[in-house]
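S.K.: Here is what each chain is made of, one letter per residue.
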Amino acid sequence: MGFWSFFFIIVFLGLTTQWYGTNKALKLNSNIKEGPKLPSLPSYYGANAFLWLVISVLFFLIVWVFSKPHILDYILIQNIPKALIDEFGGTPNMLIDIVKATDISNIFPGTNPIIIENALYYNKIDKLSDSIAYSIILFVGLTVSIFSINRISFLFKARQAVEKTNINLLILCSTIAIIATIGIILSLIFEALRFFEKVNFFDFLFGFNWSPQTAIREGQVASDGAFGAIPIFSGTLLITFVAMFVAIPIGLFSAIYLAEYAKPSVRSTFKPILEILAGVPTVVYGFFAAITVGPFLKNFVGEFGFTIASESAIAAGGVMGIMIIPFISSLSDDVIRAVPQNLRDGSYAMGATKSETVKKIILPAALPGIMGAVLLAISRAIGETMIVVMAAGIAANLTLNPFESVTTVTVQIVTLLVGDQEFDSAKTLAAFALGITLFFATLFLNIVALRIVQKYREKYD
Amino acid sequence: MAEKIKISTKKVNVFYGDKKALENINLEIPEKKVTSLIGPSGCGKSTFIRCLNRMNDTIDICRIEGKIIIDNEDIYSKEIDPVLLRAKVGMVFQKPNPFPKSIFENVAYGPRIHGLAKSDDELDELVTQSLVKAGLFQEIKDRIHEPGTSLSGGQQQRLCIARTIAISPQIILMDEPCSALDPIATAVIEELIDELAKNFTIVIVTHSMQQAARVSQQTAFFHMGNLIEVGLTDQIFSTPSQKKTQDYITGKIG
Numbered sequence: 001m002g003f004w005s006f007f008f009i010i011v012f013l014g015l016t017t018q019w020y021g022t023n024k025a026l027k028l029n030s031n032i033k034e035g036p037k038l039p040s041l042p043s044y045y046g047a048n049a050f051l052w053l054v055i056s057v058l059f060f061l062i063v064w065v066f067s068k069p070h071i072l073d074y075i076l077i078q079n080i081p082k083a084l085i086d087e088f089g090g091t092p093n094m095l096i097d098i099v100k101a102t103d104i105s106n107i108f109p110g111t112n113p114i115i116i117e118n119a120l121y122y123n124k125i126d127k128l129s130d131s132i133a134y135s136i137i138l139f140v141g142l143t144v145s146i147f148s149i150n151r152i153s154f155l156f157k158a159r160q161a162v163e164k165t166n167i168n169l170l171i172l173c174s175t176i177a178i179i180a181t182i183g184i185i186l187s188l189i190f191e192a193l194r195f196f197e198k199v200n201f202f203d204f205l206f207g208f209n210w211s212p213q214t215a216i217r218e219g220q221v222a223s224d225g226a227f228g229a230i231p232i233f234s235g236t237l238l239i240t241f242v243a244m245f246v247a248i249p250i251g252l253f254s255a256i257y258l259a260e261y262a263k264p265s266v267r268s269t270f271k272p273i274l275e276i277l278a279g280v281p282t283v284v285y286g287f288f289a290a291i292t293v294g295p296f297l298k299n300f301v302g303e304f305g306f307t308i309a310s311e312s313a314i315a316a317g318g319v320m321g322i323m324i325i326p327f328i329s330s331l332s333d334d335v336i337r338a339v340p341q342n343l344r345d346g347s348y349a350m351g352a353t354k355s356e357t358v359k360k361i362i363l364p365a366a367l368p369g370i371m372g373a374v375l376l377a378i379s380r381a382i383g384e385t386m387i388v389v390m391a392a393g394i395a396a397n398l399t400l401n402p403f404e405s406v407t408t409v410t411v412q413i414v415t416l417l418v419g420d421q422e423f424d425s426a427k428t429l430a431a432f433a434l435g436i437t438l439f440f441a442t443l444f445l446n447i448v449a450l451r452i453v454q455k456y457r458e459k460y461d
Numbered sequence: 001m002a003e004k005i006k007i008s009t010k011k012v013n014v015f016y017g018d019k020k021a022l023e024n025i026n027l028e029i030p031e032k033k034v035t036s037l038i039g040p041s042g043c044g045k046s047t048f049i050r051c052l053n054r055m056n057d058t059i060d061i062c063r064i065e066g067k068i069i070i071d072n073e074d075i076y077s078k079e080i081d082p083v084l085l086r087a088k089v090g091m092v093f094q095k096p097n098p099f100p101k102s103i104f105e106n107v108a109y110g111p112r113i114h115g116l117a118k119s120d121d122e123l124d125e126l127v128t129q130s131l132v133k134a135g136l137f138q139e140i141k142d143r144i145h146e147p148g149t150s151l152s153g154g155q156q157q158r159l160c161i162a163r164t165i166a167i168s169p170q171i172i173l174m175d176e177p178c179s180a181l182d183p184i185a186t187a188v189i190e191e192l193i194d195e196l197a198k199n200f201t202i203v204i205v206t207h208s209m210q211q212a213a214r215v216s217q218q219t220a221f222f223h224m225g226n227l228i229e230v231g232l233t234d235q236i237f238s239t240p241s242q243k244k245t246q247d248y249i250t251g252k253i254g
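So the protein sequences, as listed, match chains A and B. Under my numbering, the first sequence has 86 at position 86, and the numbering climbs by one with no breaks. Under my numbering, the second sequence has 235 at position 235, and the numbering climbs by one with no breaks.
Derived by calculation from the structure, the hints in this document are not laboratory data. No experiment lies behind these values; they were computed from the predicted model shown. Any given hint might turn out to be false.
Straight-line alpha carbon distances no greater than 30 angstroms define the calculated DSSO-like cross-link-like pairs of lysine-lysine that follow [unchecked claim]: (1) Lys359/A - Lys101/B; (2) Lys19/B - Lys354/A; (3) Lys360/A - Lys118/B; (4) Lys263/A - Lys78/B.
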């Protein structure tokens, strides 16, 4: 049985169960001429049976997906001759990977015939095991659906049961999100710890020299490796700062204009246009920064006697700022409009002008939302990679001069992980250390910002 | 009436888009007296009161014809700045709307924007005086720096009155100021209105005929966008000249 036939049988079984459950409840009710009927509406009895069927099928399907590789590996090892395992160094893992990776429809000439034989065998048990598992799950589903239809009686409160199941499903979904986050953080931490076995923690965090391209082969020309993260964190900060310097005033002021001053017709044209900016792929911004803005700035600033690198923090940061404008303007526009009209009326009735009202009443009341928008924009700026690669360079210069070339954490993570790799070299592991440091830096930033908002917010209801 | 006339409206028509909300309103409002506007919901009394300080300017589709004269000036003429007008004609709203700031900052808001206090001490004094005049000071003097939104509904409404009188307007417009309040808080505000009438011209929109009878000297009855009748409050409630007024005050319509 293939997956799709299994899928359609389950769908059919589910719909039948629901229909049958509802019908049974209807029939039970219609037999009652007087006195209490079923405690819940008939449709709930159908829904309850349906939910139980779907949940049990999903559960066993997930169990199968996770246990299948282990079971198949075990069967495969039993089938492979001991001699061949010894030939591959006594451990079967590599051999199993080779067997699994062999494409039986396109076999290279000269492949070991035992491997081909096993690949065919693997292909066979792969399909067979799926069929068996699907049949078992179908049988389980059928049992569950018969069981839950049998349960329909005057004592069973299906409405409450469905409610409970719904709550549990919602809890399950939010738990999955949390577990995924924790998993990502844990894997970052463990890999980062391996990095710190090779490189001193404080040398990493407070070192001034970043030059991670170490040799991974004999005779390769490369640096000895220096993992001082200060230059790239300062580069990240510099570029983020430039981006915010552009995005916060423009975004916030256009939000104020849209929310408070613009006529509805103007607003309904302007807002979508601003939001188009968010839809431009970052790589387009990247070459715009590298090819248009960079040279323009070089000429423009040159007029005033300054020198500016062709790849500069200000070109990348400025274009990044443009990219981020819609995040700030769109979100701020929403929170500004959410400030109740009666606060505006109160202020106007005191003889305040529009700008006084905006400054003293509306912005303070909308502050938490605006702060949220800014935080989101900052995370976007810190995480942005493509624009920086193209317009600010990959050289880790320690500078606060926006006219020079700098690099950022995310760009370094990319350059560390492209090209020749060795998974346990300090160079590769450094990516994890950078990742986790960036994570904690952003987390810290968020906490500080939330504190500030709590302190200064003006609650309007 | 022998009193000096503070506000007079001449042939005022108001439109929301194509819909006529008020038609040919001619009304004279005496100085330092309380004038109440009564009438069923949707009769245009709130629209009318919002014309008096040009709050309707903030509504895009609202259009006004005719003249509204305050102190011999047409407030809709080009020379009048609505912002300055509103400092002279204050307004208290139906739902208490204290700013999300401290009690002190709520009252200090107007004086600050209009530069009415030269020093911090003067501002303190002005705020205290306004709170005293609004009858709120005794209750909240220990927590003047707590948020205005933490007060009860009636206290919030008196805070809004204190905020309005802090900028020394000449006229105070009140748009159903007690409709969101309980009877005790209402009684306190009504007493306050009596007190305020010594210094301010007050125009109050109310749904409660008892309230109109209690607080006002002049009453105007609006119906379907028309001013049906205006006169001394006692007269309106005892011997109305129009049938519609009679029907309304006896509960037959509205």
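S.K.: Each of the hints needs a verdict: does it hold here or not?
M.R.: Outcome of the hint check:
1. Between Lys359/A and Lys101/B, the direct Cα distance comes to roughly 13 angstroms. Compliance with the 30 angstroms bound is thereby established for this hinted pair.
2. Between Lys19/B and Lys354/A the CA atoms are separated by roughly 27 angstroms; this keeps the pair inside 30 angstroms, and the hint holds.
3. For the proposed pair Lys360/A and Lys118/B, the alpha carbon gap of about 20 angstroms is at most 30 angstroms, so the pair holds.
4. Using a Cα cut-off of 30 angstroms, the hinted pair Lys263/A and Lys78/B holds, with the two alpha carbons roughly 22 angstroms apart.
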